[in-house]
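Q: I would like the entire structure built from these sequences, with the hints used as guidance.
As given, the protein sequences belong to chains W and B, one line each in that order.
Numbering-wise (UniProt numbering), the first sequence opens with residue 1 and increments by one.
Numbering-wise (UniProt numbering), the second sequence opens with residue 1 and increments by one.
Heads up, a few of these hints could be off.
What the hints assert, rightly or not - Cross-link-like lysine to any residue pairs, in silico, SDA-like; alpha carbons within 25 Å at most:
id : chain 1 : residue 1 : chain 2 : residue 2
1  : W       : K14       : B       : S126
2  : B       : K142      : W       : K239
3  : W       : K239      : W       : E148
4  : B       : K146      : W       : A126
5  : B       : K108      : W       : G81
6  : B       : K142      : W       : P48
7  : B       : K146      : W       : P189
Calculated from the structure, these hints are not laboratory results.
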Amino acid sequence: MKNRSLVSINDFSKEEILQIVDLAAKFEENPNQELLKNKVIATLFFEPSTRTRLSFDTAINRLGGRIIGFSDASSSSTTKGETLKDTIRMVSNYADLIVMRHPLEGSARYADEESRVPIINAGDGANQHPTQTLLDLYSIKKTQGTLENLNIFMVGDLKYGRTVHSLLQAMSHFNPVFNFISPDELRMPDEYKFWLDSKGITFYEHTEFTDILSRADILYMTRVQQERFADPLEYEKVKNIYILKNSMLKNTKDNLRILHPLPRVNEINTDVDANPKAYYFQQAENGVYARMAIIASILGLV
Amino acid sequence: MTAKKELRVSAIQHGTVIDHIPANKLFKVISILKLDRCKNLITFGTNLGSNRFGKKAIVKVADKFFDEKDLNKIALVAPEARFNVIKDYDVVEKREVELPNEIVGIAKCFNPKCITNTEAMATKFSLVVSKEIALKCHYCEKITTKEHLVIL
Ligand SMILES: [Zn+2]
Chain W
1 MKNRSLVSIN DFSKEEILQI VDLAAKFEEN PNQELLKNKV IATLFFEPST
51 RTRLSFDTAI NRLGGRIIGF SDASSSSTTK GETLKDTIRM VSNYADLIVM
101 RHPLEGSARY ADEESRVPII NAGDGANQHP TQTLLDLYSI KKTQGTLENL
151 NIFMVGDLKY GRTVHSLLQA MSHFNPVFNF ISPDELRMPD EYKFWLDSKG
201 ITFYEHTEFT DILSRADILY MTRVQQERFA DPLEYEKVKN IYILKNSMLK
251 NTKDNLRILH PLPRVNEINT DVDANPKAYY FQQAENGVYA RMAIIASILG
301 LV
Chain B
1 MTAKKELRVS AIQHGTVIDH IPANKLFKVI SILKLDRCKN LITFGTNLGS
51 NRFGKKAIVK VADKFFDEKD LNKIALVAPE ARFNVIKDYD VVEKREVELP
101 NEIVGIAKCF NPKCITNTEA MATKFSLVVS KEIALKCHYC EKITTKEHLV
151 IL
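A: Structure follows, in structure tokens:
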């Protein structure tokens, strides 16, 4: 992985994904290591994302690295009309690694072509957010002890949710069974279903929570957003169907864990938070270790 | 019949004849092959005859022989085009165009949020093989289908 960018989760093989996941566990055991001493990491956030930026900043700080960059485009030269290419060319002369978040899709791939140093994609519009996927995988491995043969439930906006698409692609290395629960308007797109078929992976589709939830190992919740619906009445009809309540977890497996990429609005009732099966806050913490593992691997420091 | 049609655009001694271009794509073909900057003798005719694809256009470029790679670039706009290589007024080679697996700088990505629609850069697609032409953007990973296809 040394000197290779992480633009899309598909850039990493199954073995490389497993390496990152195992390494994340080692960083969790021993989070303060001076591996990035004398390294400069640029964090370029062309759109604000406090959560992701803090996670990267924490990871870099724990590894003893220094950070340059900006946290939203209004404080960057982009507002003066500078092209992405020029910004990347300049910054790649200053830093050893660039972490980049950008509202336009494909920007990270393009930045990688123009940069002298590796790029970590911290989200390019609705396209890819591979470090989120790797922290999801680490969370799954940590809570289930394995990534193999799990029954993964994905709930909510399965049409536009980039986190579920990337997770689906990454988990497909590990012989999963998928259950998709979503309103008709927000079903998993055909291209992903065809792709699963081509890999011989079993999946089921549902429009509401059913007693089948008792089979789940992982329940991956996402938000159903009103702006995704052309017809506001359709949203009104479905908005309360995809809310997880503690009472619905009664007959679920002991090893079930509930994940959510956060921020949550109302799709997980707060009465779930105290349930030991709720895992979304630890999941966010796992992001720091996963990002430490990604940075250290790409810089060839481990 | 064919001979009569050909005579509407004068014959060339050596060079390349590009036939079966849809008439409304003639200027796209000229621009993709950069013929507007070519110094050779070029003759063309358009709105000629008609076949099952409607009116066609024909271009004759004297003393020029194209690389297969360049010729295939026009496959997106003129999938039925034929190339005839002419030597001493004779057709010595006939070729059809074939869609290349990688298409650089010809088509526009239909995704308005794609970086290629904001930054001054070349687009890049890979060909998705299915019933219809579909292009997968190398950058945003979205698929532009034939109905949304715009040639730059
Ligand atoms: Zn694109």
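Q: All the hints need checking, so say for each whether the structure fits it.
A: Hints, verified against the model:
1. K14/W with S126/B: Holds: K14/W and S126/B sit about 24 Å apart, inside 25 Å.
2. K142/B with K239/W: 28 Å, violated
3. K239/W with E148/W: With Cα atoms ~33 Å apart, K239/W and E148/W exceed 25 Å; violated.
4. K146/B with A126/W: 23 Å, holds
5. K108/B with G81/W: It holds: about 22 Å lies between the C-alpha atoms, which stays within 25 Å.
6. K142/B with P48/W: 24 Å, holds
7. K146/B with P189/W: 19 Å, holds
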